[in-house]
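Undergrad: Given the coordinates of chain A, assemble chain B onto it according to the supplied hints.
Protein chains: 2
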Amino acid sequence: MTVNLESQNLILKLWFLIHRDYALLRSCEDQMYGEKGLTMEQYATLVAIKYLNDPVRPTDVARWIGRRTNSVSMMVDRMVKAGLVRRERDRRDRRVVRLIITSKAENALKPATRAGWEFIQKIMSPLSDEDRQTFARLLETLRYQTMNYLNPGEDIEEMVRNDDKSHVNLRGRLVQRGLTFTPQAKHQGEKKRKTV
Amino acid sequence: MTVNLESQNLILKLWFLIHRDYALLRSCEDQMYGEKGLTMEQYATLVAIKYLNDPVRPTDVARWIGRRTNSVSMMVDRMVKAGLVRRERDRRDRRVVRLIITSKAENALKPATRAGWEFIQKIMSPLSDEDRQTFARLLETLRYQTMNYLNPGEDIEEMVRNDDKSHVNLRGRLVQRGLTFTPQAKHQGEKKRKTV
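Line by line, the protein sequences give chains A and B. Position in the first sequence (first residue = 1) + 516 = the working numbering. Position in the second sequence (first residue = 1) + 516 = the working numbering.
Just chain A, same shape as in the assembly:
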């Protein structure tokens, strides 16, 4: 019984930590992208438009950032006004409205991406590669479970494969098109080198 209660406390603790960590991570990202003139959601939207497979529609962005399509559409309205995004009819299918990022957004995206990359390296620096692999495995279990909850009876393995594919594609494009992999960010060079 005691063990059982401890186990339940641990589950509650995990739930709190997941929410707490994400709130903190969001604050970090808001601050960091804010310094580059973008909100975190604007940044994620620009990344999606630039690196997902063309044509990128609001519904693709919504799936990517995990929001409802109508809230993405409202955000895109504001980004159009701010000169960051344009809407255009797709030439192959006139019914499709695709999103395009402007040169102003391109100019904001590069330093924001570099700052984001330095940030995430810094945040992950105390974790060894083994820790990171374990972390990824645990997060993958959580992803599977939440997908399963949201899509009962569907082929979750297939959904996971598609999810991984879009990440891998995006990662590849980030590397190709100018996300510089510096040898190490300055601030945690020492610690990191030990683990590599």
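Source of the hints: derived by calculation from the structure; they are not laboratory data. Where hints are given, some of them may not hold.
Since the list gives no way to pick one copy over another, a pair counts as held whenever it fits inside one copy or between any two copies.
Stated by the list, open to error - Straight-line C-alpha distance at most 20 Å; calculated EDC-like pairs for lysine to aspartate or glutamate:
id, residue 1, residue 2
1, 638, 551
2, 566, 622
3, 566, 679
4, 529, 673
5, 529, 646
6, 566, 593
7, 529, 557
8, 638, 606
9, 529, 645
10, 681, 576
11, 620, 557
12, 626, 551
13, 638, 522
14, 529, 622
15, 529, 634
TA: Quick look at chain B alone, frame taken from chain A:
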């Protein structure tokens, strides 16, 4: 060099997974609390008002759920209109406006809490207690790092202790005041019993 690139890919993967998992978890929680007539943020706000130390002000809720105070105030306005929350001057200090939950909100809170508890047990069911402890340790590292990023030069150990204290208090109160710890939720009883 190859190792280094692999290590960088792993960091990027983790970053994607953290965001992806949280978007999925939010969708689950929105759906689950939605079935009980609450948005996830309304639910978190009601929990904060009910279980944090009295008086609970909008700024306390904001810290708890990791939002800005003015966005919490707007949400509270809507919750007042919906008959879920009242604002009241604190008797000990008239300058303080404290938040109080209504009996309508109390009635919504209990089934939502039970549903939430069954949900999180289900989601965590494939993880052994050892996995969960590792997960908590990794999330604690991430919490430390993000707190450190947001509050450079401050006493992060002290912040972590306060953070843990508020979680432990809240956990205690959830148990005391009616969050029923059922032996196990039905659906994953089999799997769970093996790990306990």
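Undergrad: Go through the numbered hints given earlier and state which of them the structure violates, listing their numbers in rising order.
TA: 8 and 14
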